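Undergrad: Protein chains in written order, with our numbering: chain F, 1 to 170; chain Z, 1 to 102; chain S, 1 to 624; chain Y, 1 to 501; chain R, 1 to 475.
Check before you lean on any hint, since a few could be wrong.
[What the hints assert, rightly or not] Just some of the chain R residues that point at chain Z, by a computed CB distance under 8 Å:
#1 Val14
#2 Phe169
#3 Gly179
[What the hints assert, rightly or not] Under the rule of at most 25 Å between Cα atoms (straight-line distance), these lysine to any residue pairs were calculated in the SDA-like manner:
#4 S:Lys112 <-> S:Ile354
#5 F:Lys165 <-> R:Pro27
#6 S:Lys163 <-> Y:Ala8
#7 Z:Lys101 <-> S:Lys163
#8 S:Lys163 <-> Y:Phe50
Keep in mind that the hints were calculated from the coordinates and are not lab data.
Just so you know, these numbers come straight off a predicted model, no measurement behind them.
We put the beta carbon where it would ideally sit given N, CA and C, even for glycine.
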Amino acid sequence: MNLNEIAFYVISGLTIAAALGVVLSRNIVHSALALIVTFLGVAMTFFELDAGFLGLVQILVYAGAISVLIIFAIMLVMHPDPSRTNLTTPSRDTNFWGGLLAWIIIAAIGIALGKNPWPIPQTIPTDTDRVGAIANLLLGNYVVAFEAAAVLLLLAVAGAIILAKGVEEG
Amino acid sequence: MIGLNHYLFLATLLFGIGIYGVFAKRNAVAILMSIEIMLNAVNINFVAINRFIQPADTVGQLFAIFVIVVAAAEVSVGLALIISIYRQRKSVNLDDFNLMKW
Amino acid sequence: MDNILQFAWMIPVLPFLAFALIGLLLHRWPKLAAASSIGAIGISLVLSILVAIRVFSGDPGQVFEMSRRWLEMPGLKVDMGILIDPLTVVMLMVVTTVALLVQIYSLGYMDKDPGLASYFSYQSVFAGSMLGLVAANNFGQIFVFWELVGMCSYLLIGFWFGKPSARDAAIKAFITNRIGDFGFLLGILFLMILFGTLNYGELASKIAGHQNLTALLPIAVLLFFGPMGKSAQFPLHVWLPDAMEGPTPVSALIHAATMVAAGVYLIARAFFIFSQVPQAMLLIAGVGGFTALFAASIALVQNDIKRILAYSTLSQLGYMVMAMGVGAMTAGMFHLMTHAFFKSLLFLAAGSVIHALHEEQDIWRMGGLSQKMPFTTWTFVIGALALAGIPPLAGFWSKDEILLGAYAGGFTGLYILGSLVAFMTAFYMFRLIFTAFFGPNTGGHHAHESSPVMTVPLVILAGFSIGAGFVGSPLMGNAFGHFINAPGSAHHQANFIIMTVSSLLAIAGIFLAWLIYQKQAIKAEELKQRWSVAYNILYHKYYIDEFYAWIRKVLVDAAAALMEWVDLKIVNGTVNSLAYLTGFWGRSLRYTVNGQVQTYALWVVLGVALLLITALWTVFTVLV
Amino acid sequence: MNFPILSATLLAPILGALLITALPRKQEQLIRYAAAVSTLASLVLSFIIFLTYDRALSGMQFSESIPWVKDLGVSYALGVDGISIPLLLLTNLIGFSAVYASWHTEERVKEFFVLLLLLISGVMGTFLATDLFIFFLFYEVVVIPIYLLVIIFGSSKRVTKEYAGMKLTIYLLIGSAFLLVGLIALFIKGQALLGFPTMDIATLSRADFPLTFQIFVYSLMAFGFGTLLSMFPFHAWSPDGYAGAPTAVSMIHAGVLKKIGGYGLIRIGLFLLPAGARYVAPLIAVLALGNVVYAGLICMTQKDLKYIVGYSSVSHMGYVLLGIASVNLISINGAVMMMFAHGVMAALFFAMIGNLYHQSHTRNVFDFGGLAHQMPRLAVGFMLAGLASLGLPGTVNFIGEFTIFVGAFRQYQVLTILAISGIVITAVYILRTLGGILFGPRRPEWDHLKDLQGVDLIPLLILGGAILIVGILPFTVMDLIDSGVGQLISQISPGQIGGIF
Amino acid sequence: MGYQLLAPEIFTAVLGMLVLMLGLLLPTQCEKLVGYITVAGIAAVLIVVILGFNQEAIFFQGVYQIDRYGSFFRILFLTAALLIFLMSSRYTDWFGQRQDEWFSFMVFATLGMMIMVAAGDLITVYVGLELMTISFYILSAYLLNDGLSAEAGLKYLIIGALSSAVLLFGMSLVYASSGTTIFTDIYRALNHSHYQPALVAGIVMLIAGLCFKISAVPFHMWTPDIYQGAPTPVTAYLSVASKAAGFAVLVRIFLISFPDTQFDWHGVLAVLAALTIIIGNLTALPQTNVKRMLAYSSIAQAGYILVGLVAANAYGLKGLLFYAMLYVFSNVGAFTVTTMVEVENGSTEIEAFQGLSRRAPMPAAVMTICMLSLAGIPPLAGFAGKFYLFAGAIQADYLWLAFIGLLMSMISVYYYLNVAKAMYIGVNSSDKSLAIPAAAKVALWVCLLMTLFLGIYPGPLVSLTEMAIRLFKVG
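In isolation and in its complexed conformation, chain F is listed as follows (with noise of 0.2 Å):
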């Protein structure tokens, strides 16, 4: 077992780990500790990938941003009681049947990737510069989605002000 394994198979471990904890904590507060942690595990993983900047975005969008505003909107409308924030629903239908499913899905997935003949990997290009390649692709043939991206975020910020602010009484 080499480095690279040990590292995947640790930040696997705590990446799942902390996902488990955010959907199985009673205490919203706690989840969304433990979402940071999953964002910042999956930042890892694509540091293994040779993703860097990927990395990056996602510590500064995700664990960072994302989070942040969760956690605001976690006070805004938290239960008094912290340990009754985050139960679990009370349907038990729900949640047997979202569990099964759950694990159907894993399964099935699992399955179809496990029997797939994935192609041989083939090495990578060392010498690129893979943030100007994913500049050049932004600002080039993708740069309509670059754009629409733009606009949405536009959306999401006035719309989001919008729903937030509610209604002026009188």
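With the hints as your guide, set chains Z, S, Y and R onto chain F.
TA: Below, chains Z, S, Y and R without anything else, positioned relative to chain F:
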């Protein structure tokens, strides 16, 4: 050797955990968080596939960036919605939101 | 004069024109309506006479035929045409004469009736249809007019539609006739399929050339259903007595003289078919003979003047049918003609009485009419004598022919039966006469003689009743039989013994009636007591009506009720259940959408899982 | 191109409907006149068609064709032959009468006449179309106006008008769904066989459809058209529907709409799928017997006048089905004639019932009696319709029934004999009914009823006239039908049909 | 290289932002002005698209392409948007001061759809789709003081995000199997390969993700709640445009990238279509709220449209496009009347429709006709559409699907007629006639006339669809 499938299995597991989270929780924020986990799983997929199958370009990574952007927008709108509905109902429990049914 | 046949088609058409005229224009002016109706039938009569002269002055075998296409397609051809031969001419004469007299008589009889215009319009349709029937040259046409006269009968029986009994009688008449027509129509269809034509002449030649005649038996039997209904043969006789609910002139014309005789005419017309099938002939003879006896026996005990006459009509029709059955077609037609005259006379005279007594029909409430209504009384007596077969009146000659035919044809049983009926006929007729006309005035009525418009037709008909028999009598060399005969129709030399026997029987009947009802030597009441079972059976007409009512209730109405139940519960029930089930599924599915977003998500994920499983299963099983 | 007389006939009521839409709601009299004039125009035009159709030439005449939808091979194609002209005439006779039969509608006159005119046009369209697509278009067009007319203007007795309307609509639509599957399959198969898409009925008839396909599609059609024709046991909509519907709708529905079923079975089913028709025919014949006897018996138990006529129309349709199922020239001639005959008869019946109901607000036979005293003209109408219904010679119904019997007897002896027993059953219930309402002692509670007068007489005159004229002079119409049916049958390739003709 | 062909998208984006800014700049009294500007702008874009219908170009190596297929749908979206702006002219008063933003979100949603249908690769599709969807999340919750609306928004967001994740996972698997995200390249990359379970898993997850957008069973459960809770014009837009966009993408991906994979997605879609038709129609039967009923009906309609893709032949695809277009007119027509009634009565329960034919004959007639068109009654547009769809299905040997579809469409008449019944014979306490603003009247007339025209003379639109589907080489 860690191959593509390792990453894909990791992603699948995260995806499954996210799915389970959607059903296991009643707090709307927690459900948004579960969905974020699912999106992250997808991102792992894209990056790993990009790395192992088509290392020559960065389309997978680009896809992941867009997913992150969209997820950010989605979360902000989602949280705003939760706040908006909390203001009316004083609750963020999804099972309270059933004015419309049948 | 030779061209008169070219105009023969006008004979049936004219009354129809009168009907159209009345229906469209004249229905507000009853007198004009009556005039046009009578005028039309009068012209028809004149034309008929001219045609008759033309035909009887020629060769008996000649036939004049003309037709227009009416309903035609490859494989089916029904023409409207006329066929003039002696048989037709006799019928034309009878129908136009009686119809004209009855219509004139009706002027007096229906004087005060508000529906006079419709009455005359119906009369016109009837006359036209009846003439169309007798003039028809094919089975299709005869069926058309056959039904039409049935409709007229229905309308005229129910003329006084305010009376529930009239209404019911009309319905009964129509439906009973329909049952007969059902068979008749089937017979026609069989003919159509088998021979491809309905024309009499073509059929006759095809049947003559036909080797295998077994198929004719069902045809003949089915065709006989028609006469059974129309001529009220047992077991379809039930409508005729009830038909007396109609105005009396109607009874005279339709239910005594003409329409009911159409059945007999049909047998005569289709004699070329019937005579080929001995079994069918036997059936006809049997049915006719039985009806004659059966009806005569009922007539013995009835109290209603018109019903007695009706049963007498039944009985006489049975006689005619029997004549046909024994092969004495000539005799049957001869009796048809004489019967038309004297029976319409009897009805009209009875009508005169009823009219005078303000709709009183019970013979026991009459009595003593002979002084007050001499014309009526004596014409009635003439009619009765003719009916009873007292020589030399018309009925004597014709009835004698039939008895002779039966006897000479080897049907001894039927001959005896016929003789018995002759006796009974004389008895019940004179029971009626002695009670109603010569007995004491039990009803306390103030009758007076009817107006000339009614009595003149009586007198004319009395003349016919006396004289019409001579055309077929041996005294005139049997001129009737010279013209009216058919291949297979037997003709026999006059037999003096039979004549004597039948005359004696008739006189005996009259005498017995005189003893009981005039002389009162034998007490009628005692007889009634002693034979109470028989009396009751006869009085209730063998309970046939009750039996039919029971069948209707138990079979038809029950079947109908059952079908309705099936329709409501099963057919509609299925439809409604399916609709309910659809709605039920809708309501059930509706509750899956329970408002819980997580449930919705569950369905989404379930969908994904199922899709994955299906897809992978396909990939792993089918493709590898 | 000559004057498009068929289009003019078809569009006249639609123009009338548009005109009425434009008229103000209050101008009720004007609306009625507009309806009357537009239907009269159609009536006159169809008379002209009837008279000027070249019978010696036969075949489709006055044809119009405009390409409509290219890739489906649809063209707006109209044409008439000996089969469609009588039915076209029937439609307009009844349509014109229906306007007068509903002259006294007081409520929502505008909606009523707009819907009625659309209905009339729709029905006409099915008889004029020579293109499957256009045919089906018109076939279903009529359903919805009927629904609205029933629920707005109908009456609730044994069942509510809402139920009746919905039942009728959904039932017929479900039937038409099957039909539509059949038509589409026919179109697709035709395209595969001919190599080009076409909806033209005559062109499609050139394709040699395989036998199993023919049987399948014809069965679908038999169900679809059979439902419309109220074939036993798919007749459940019919009595309830007629009972719930307003007079004019009952007239048109029983009078002509049902006939589209028979027309379709002949014009499309038999023409395009002769072998299938032949294969399925015995089954239809058996069901037809169900119609005649079963529905006839049910009539005896009914008390509501409309139910009686409703079930009786089911019963009479049995004859039409029998004619169609016998698949020979005579029987089909008879079936077409019978459709015409039943149309005028049923319409007259419903018109009379409508008039009576409008005044008395009851339709129960036992509530009436002796109406001939108060309403002699109405009684004439009832008698005429009733006697026609029981197939009396002199009325057109006799011609139809007799011809069907002759034709059917060649094919199915036993079935036909049983079916002919229907004439007795019909006589029983019709005479009982007529006797029950018209005859008997005068009932003073009905003294206030007014007899037919003025415009009320028009349905009686038009429809009664048709019953009698065609009944007395059947060749006027029968020759036409014969030319149409003969032409149709001669065009069926002999290999397909075997020795049936 | 013809970037001017991108003008509609650019202009729409600019319009959206302009409206957003104008809302901030202009005084509150000028809210109507913003509406006029939006309508004018959308109309201008529509005209540009129509004029440029025949121009085709491929940008960025196939990542983005302007073709007739895309233009057809762009026309559809813009027409729908225009009609909805017209019909919502009184409803928007309920949004108070947020009207301007409403217009801008609607424009952005339209932009998202336009990008979706023109996108030639998965990334652009995804971003366009999210642009549209997120706009709709906001729009659904736009009635802030109405509990239903916020609930609808939240539910939509949760289910939407979940299925986005599923869709993305599917996209990733497709990407894994082909190594590219561009549709045409995917086809080329997959052409010779076989036995790829991951690809099959990816395809079905794509189906699941997109079927959510078109609300096909079993991904349909959100539809009734969201349709009921969202502001009625938004519901209308959601039902016609969002759904059409979903179909546009579905068709493009499946027919360009996977026209003949070893996995028979036709069969899977056929089952989904059948289930959608059955469940949508059956569940609509007992509904008492017209908006909710129309939601279930729109589920059923999705099933019909899906039949076109199942058939995947010329008739089917033409039917699909045709139906999507007529659905705009018929459904918007019905929703316009619903909006009018809601504005007047504050309710969309069926009771609110009682006696409508007396209060407003013309809208009642439009409602009836539009709903019957949805049911597929000739001579209305829906019939022509269904005819093509099921002709396609039968040609592709899906006879059973045609049976189910046509049978259920006749059953659907029941619930449509229930509304008609309420309108025509129901009794309403108020006899006051319904006030209809001029703009809404225009929308009503357009919907009515188009529904009739497309039904009676479908030829012109059919030839448009014929041009549009030349992209897919189908028989």
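Undergrad: Next step is simple, just say for each hint if it's right about the structure.
TA: Here is what the structure says about each hint:
no.: 1; hint: Val14; verdict: violated (20 Å)
no.: 2; hint: Phe169; verdict: holds (5 Å)
no.: 3; hint: Gly179; verdict: holds (4 Å)
no.: 4; hint: S:Lys112 <-> S:Ile354; verdict: holds (14 Å)
no.: 5; hint: F:Lys165 <-> R:Pro27; verdict: holds (20 Å)
no.: 6; hint: S:Lys163 <-> Y:Ala8; verdict: violated (53 Å)
no.: 7; hint: Z:Lys101 <-> S:Lys163; verdict: violated (67 Å)
no.: 8; hint: S:Lys163 <-> Y:Phe50; verdict: violated (45 Å)
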